[in-house]
Amino acid sequence: MKSVPTLSSAFLHPAGQSLPEPLLALRKQRASALVDMPLPTRKTENWKYSSKYLKLADDMAISLPAEGKGGNSLAVPGYKVVFNNGVMIPEASEYPDLNGIIIQSFSDLDEDDAKAVSLQLGSTLDHDQAQFARVNGARFEDGLFIRLAPGAVLDQPLFVIHETTADASGSAYPRIYVEAGANSQMTLVEEYISSGDASALVNTVTEFNLADGANITSIRLNMEGENVQHIGATGVLQQRSSRFESHCVGFGGPLRRHDLQVRLEGEGAETKLNGVVVTQGKQHYDNHTSIDHVAAHCNSEETYRNIAADQSHAIFNGRIHIHQDAQKSNADMNNKNLLLSNGAEIDTKPELEIYADDVKCAHGATIGQLDETSVFYLVSRGIGRRQANVLLTMAFINELVQQIPVEAVRETAQARLNDFFEQTFQEA
Amino acid sequence: MATTDNEVKELIKREYEHGFVTEIESDTFEPGLNEDVIRRLSEIKQEPEFMLEWRLKAYRRWLEMDEPEWAHVDFPKVDYNAISYYSAPKKKEDMPQSLDDVDPELLRTYEKLGIPLHERAKLAGVAVDAVFDSVSVATTFKEPLEKAGVIFCPISEAVQKYPELVKKYLGSVVPAGDNYFAALNSAVFSDGSFVYIPKGVRCPMELSTYFRINAANTGQFERTLIIAEEGSYVSYLEGCTAPMRDENQLHAAVVELVALDDAQIKYSTVQNWYPGDENGKGGIYNFVTKRGACIGKNSKISWTQVETGSAITWKYPSCVLRGENSVGEFYSVALTHNYQQADTGTKMIHLGKNTKSTIISKGISAGRSSNAYRGLVKFGPGAEGARNFTQCDSLLIGDRCGAHTFPYIESKNKSAIVEHEATTSKVSDEQMFLCRQRGIDPEQAVSMIVNGFCKEVFKELPMEFAVEAGKLLEVSLEGSVG
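Note that the protein sequences, when read in sequence, are chains A and B. Residue numbers for the first sequence follow the working numbering, beginning at 1 and rising by one. Residue numbers for the second sequence follow the working numbering, beginning at 1 and rising by one.
Each hint should be verified, as a subset may be incorrect.
As the list claims (entries may be wrong) - Label pairs and their computed distance ranges (CB to CB):
1) T41(A) - K281(B): 35 to 43 Å
2) H13(A) - P76(B): 42 to 50 Å
3) E146(B) - Y377(A): 42 to 50 Å
4) A408(A) - R436(B): 52 to 60 Å
5) D399(B) - T44(A): 52 to 60 Å
Said to hold, decoys possible - Stretch-level coverage of chain B by chain A, calculated; a stretch enters the list once three of its residues show a Cβ under 8 Å from a Cβ in chain A:
6) 61 to 68
7) 418 to 427
Claimed, not checked - Incomplete in silico selection of chain B near chain A, CB under 8 Å:
8) S42
9) A403
10) T405
11) Y408
12) I409
13) E410
14) S411
15) K412
16) Q431
17) F433
18) R436
19) Q437
20) G439
21) G470
It should be emphasised that the hints constitute simulated quantities derived from the structure, not laboratory data. Predicted model, so just to flag it, every value in this text is computed and none were measured. Glycine residues also receive a C-beta, built at the ideal position from the N, C-alpha and C atoms.
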């Protein structure tokens, strides 16, 4: 056996001791399991296409210091929680004190809640598939805990702004845990942004635990800078008749990885996953999703679109697993890709693993370029070639962008996409 | 002993007719694998020096490799030192003396498949007498082939008679170190077929291993090499629909196809090795590496397979589309029942301009079996205007089986277009109702529906084969409903 690279021991030492005791204990226990954690290589199936982008230097193991700046006073149409380098900044956050809804940083949890949370953290994730969630489990310095009492409804979207300030090399480990009681509802918007230009690692974990009839919408916008490697994982556990909807919009970077794992554990649960990824330059983006139909009568619908320009590399890996007793499952997965340049690469792997017979499952995947005849059609009607390209490329993903239920996010995404088109279709 | 001597003499005589003399030193090697075993094997086969070197090199590579574990199959580890790597053709005394000695279950299956009486004996491994001697069959076929200039012989014969061809092409498509089982095969391959179609020749008949003289006992490490020169065409059939009697558990074959400019190779397989009993005991492990290289312009390689046998099938017939405008095709029906496991699919590697490929895969799982499609479609940067269409459908019969799809799609060329579709469904109650209502019994109804499901693939098979394949599915599905 050739030796496999392992995670540098520099990564084993968490900073920030302000967490409640049960969480510190949990962190310590998880850290001991990290010793000699093998790093993914080309031979690691779920990192096959991405391992070459992973560049972890020892100086990146240092926790980035949280700066109480709370500076970027982004106006958001809703409630707001600001995290800097993985630590919550209460001064910059504005959220209500509503009946039946707890929104709290991990550091502020009382002993009992902390204990309850420590038992739950990580329970929604398959850590063998999302290896780096383990690192987060050993390193998180703070986090956001949200508890919706049965029937509680958050009237406006909650924006969680994760800002990474990388003035020197280092890493941040943001973490969110949402416990949604029966029939509760909320919309959570996660925005990942960064400042500074030292090389940094952002390693996130977001978890949703949905009780019967809960209805959660999750929106995730990844807009970090070219110096930030991002490895994130989202875990979702759904009970009877719950509904989960996810919208991910990702802009490429030196390394971007998101694992989204959904387990449908109660009958009649429904999930819908949408994703848009655009990459340019030498950027990279890797989306890994998995949907486990454990219970019968569940529905899942998944649509991902990737656009890769220049010498960039976009990857999609979707897995649908229908367990033995999950009869009457409906699962539909669709992945379309647009390759805009010959230097770019797109890899996709839509997997089905089915152990029940009375199911309807389908997946489709395509890779192609802009349709020449469509471009011609537009050009023949007096639209410039560049504009025609932009229009058609936009049309390719617009269907998904328009489905984002929060207008402000839609606009942010749209503006960033316009920049992308601007840069991608320069001349011609 | 007198009879034994006669047998041996006959054996030697038979081989002599085709220019192949062997001094059989021992009947069977002691189990185990090392360099000496390979040397002895090579010596018995009277191979030239370069072959021995090639085998040894492959063996050394194999030693350094790890057994792959990525496939979606589950089986106890194979002990490679418990296998004997050479055994001489069987003596007649060891075989069943007549059809009466053969398992009646097997005979019933033959009957259902409609296999002619004299062939049944041969298939069951009964010592057949000269009336149906494969030699005579072979000679009638040999004449027109020779006239056309086609070389069709055991690969061990080709190594001696056409060393320059073998040297040039053996391992050119599947290098010795390609994968674990290919390396093992390269080191110890027992025998197999060699086909060479000269420039511009259209092979006058379907080449089939079924009627070939060396069909019996090619052993567990079969090696096939087919070379189609410029503008030639050949259709090659492998295997047969009848269940074959075989004692070897592990089969690691390698098939290499080479198509030069404008050449066309059509390779059809029907595989029905012993799948184990209904409790999943026994059965053959079928770990095969099949690959074709479309080296020349406008060349075409087409794989068609019907896989119903083996406890474990692990097989990915692939095409490397190097030449401009070359075409790769893959049509597959894989049926698993009881505890069978199949992980099969294809690889289409598009390297040249305007290369095209089509993949149609139909998986049927019944009982407690597991059936996976695993495929790779890859477009290199030079695959300008390349095109792929993939469709894999799975049909589930029963609620304890599994059907999986693992397609890998990689594209590095913007003008390349790939489409992939997969669906999973079961035999619907409506379809069953329609058939039942018209007086068709459930078993027949399922077989009709399954046959319809597989039609796209069956129509690619040579006609007689297609008919047999349909019947084969019927037999294999027995007991899966009701």
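Run the structure past the numbered hints and jot down the numbers of the failing ones, going up. Hints 3, 5, 6, 8, 16, 17, 18, 19, 20 and 21 are the ones this structure does not satisfy, whereas the remaining hints hold.
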